[in-house]
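Colleague: Spelled out, the chains give:
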Amino acid sequence: MKTRLRVLRAEMEWSQADLADAVGVTRQCINAVETGKYEPGLDLAFKIARIFGKNVEDVFLYEGSETRAGQQ
Amino acid sequence: MSTLPGLQQPKRHRKNTLRIFYVFVFLAAGIFTVAVEVSQAAQVVLFALGIVLAGGGIWSFLRFLKVADTHQRLINHEATSFAFVGSLLLTLAVGILQRFGFISGASLLLPVLMIALWSVGLILFSWRYQE
Numbered sequence: 001m002k003t004r005l006r007v008l009r010a011e012m013e014w015s016q017a018d019l020a021d022a023v024g025v026t027r028q029c030i031n032a033v034e035t036g037k038y039e040p041g042l043d044l045a046f047k048i049a050r051i052f053g054k055n056v057e058d059v060f061l062y063e064g065s066e067t068r069a070g071q072q
Numbered sequence: 001m002s003t004l005p006g007l008q009q010p011k012r013h014r015k016n017t018l019r020i021f022y023v024f025v026f027l028a029a030g031i032f033t034v035a036v037e038v039s040q041a042a043q044v045v046l047f048a049l050g051i052v053l054a055g056g057g058i059w060s061f062l063r064f065l066k067v068a069d070t071h072q073r074l075i076n077h078e079a080t081s082f083a084f085v086g087s088l089l090l091t092l093a094v095g096i097l098q099r100f101g102f103i104s105g106a107s108l109l110l111p112v113l114m115i116a117l118w119s120v121g122l123i124l125f126s127w128r129y130q131e
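Residue numbers (this note's numbering), protein chains in the order written: chain G, 1 to 72; chain B, 1 to 131.
Please keep in mind that the hints were generated in silico from the structure rather than gathered at the bench.
Just so it is clear, CB atoms sit at the ideal spot from N, CA and C, and this is done for glycine as well.
Be aware that a few hints might be false.
Now the stretches of chain B that chain G is said to cover, found in silico as 3 or more residues with beta-carbon under 8 Å [to be verified]: (1) 35-48; (2) 70-77.
Each computed DSS-like pair below joins lysine-lysine, with the alpha-carbon atoms no more than 30 Å apart [said to hold, decoys possible]: (3) Lys15(B) <-> Lys66(B); (4) Lys47(G) <-> Lys2(G); (5) Lys2(G) <-> Lys37(G); (6) Lys54(G) <-> Lys37(G); (7) Lys15(B) <-> Lys47(G); (8) Lys15(B) <-> Lys37(G); (9) Lys37(G) <-> Lys66(B); (10) Lys2(G) <-> Lys66(B); (11) Lys54(G) <-> Lys2(G); (12) Lys47(G) <-> Lys66(B); (13) Lys66(B) <-> Lys54(G); (14) Lys47(G) <-> Lys37(G).
Next up, chain G with everything else stripped away, as it sits in the complex (with noise of 0.2 Å):
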């Protein structure tokens, strides 16, 4: 899974930090998915989109179906 979510952060210019407290995770947590380390569960996937005021498909993106697109 690709995520945008460093570049809608750095839009925004707020830290890792400031979005952590505003989901209501660790600031490692929002690191580690921005690194692709960590892939979100659906709660905080939307809970981050949401932040943006984004769906969650313009936040992350699914790397399958980017190539099933591709194909089709």
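On the provided structure of chain G, position chain B as indicated by the hints.
Modeller: Relative to chain G, chain B alone:
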């Protein structure tokens, strides 16, 4: 810069529950250690106190799991697996040594060993997610 909504879940709360857990565990371990050395009447009181403190440790551990986010739960899961496998291997090694008469006793050491390994696991698997 856009403003973010307020804090949803205090981080401090999570750290405090873990600290409380370690306080309970150290106190219970200390009391159980002292209880072996004292008279039988005092032993009953100390064992009862130790059990209450161990219960407090279990409560604070459950509280820690409840307030942890999904990422921390993943780290905890990995740490618990590490502690389980580590304890299994070490108790097997101790069992073999006991079988050949090298060491004796140490049955109360197992919970302490598991908690120590779990703590090492928490540190190890937290490092994995550091930048």
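Colleague: With reference to the structure, classify each hint as holding or not holding.
Modeller: We went through each hint and held it up to the structure:
1. 35-48: violated (count 0)
2. 70-77: With 4 residues in contact (Cβ-Cβ under 8 Å with chain G), the coverage given for the segment 70-77 of chain B holds.
3. Lys15(B) <-> Lys66(B): holds (12 Å)
4. Lys47(G) <-> Lys2(G): holds (17 Å)
5. Lys2(G) <-> Lys37(G): holds (11 Å)
6. Lys54(G) <-> Lys37(G): Measuring from Cα to Cα gives roughly 22 Å; hence the hint holds.
7. Lys15(B) <-> Lys47(G): holds (23 Å)
8. Lys15(B) <-> Lys37(G): holds (23 Å)
9. Lys37(G) <-> Lys66(B): Within the cut-off at roughly 23 Å; holds.
10. Lys2(G) <-> Lys66(B): holds (29 Å)
11. Lys54(G) <-> Lys2(G): holds (16 Å)
12. Lys47(G) <-> Lys66(B): holds (19 Å)
13. Lys66(B) <-> Lys54(G): holds (29 Å)
14. Lys47(G) <-> Lys37(G): The given pair, whose Cα atoms are some 19 Å apart, holds under the 30 Å limit.
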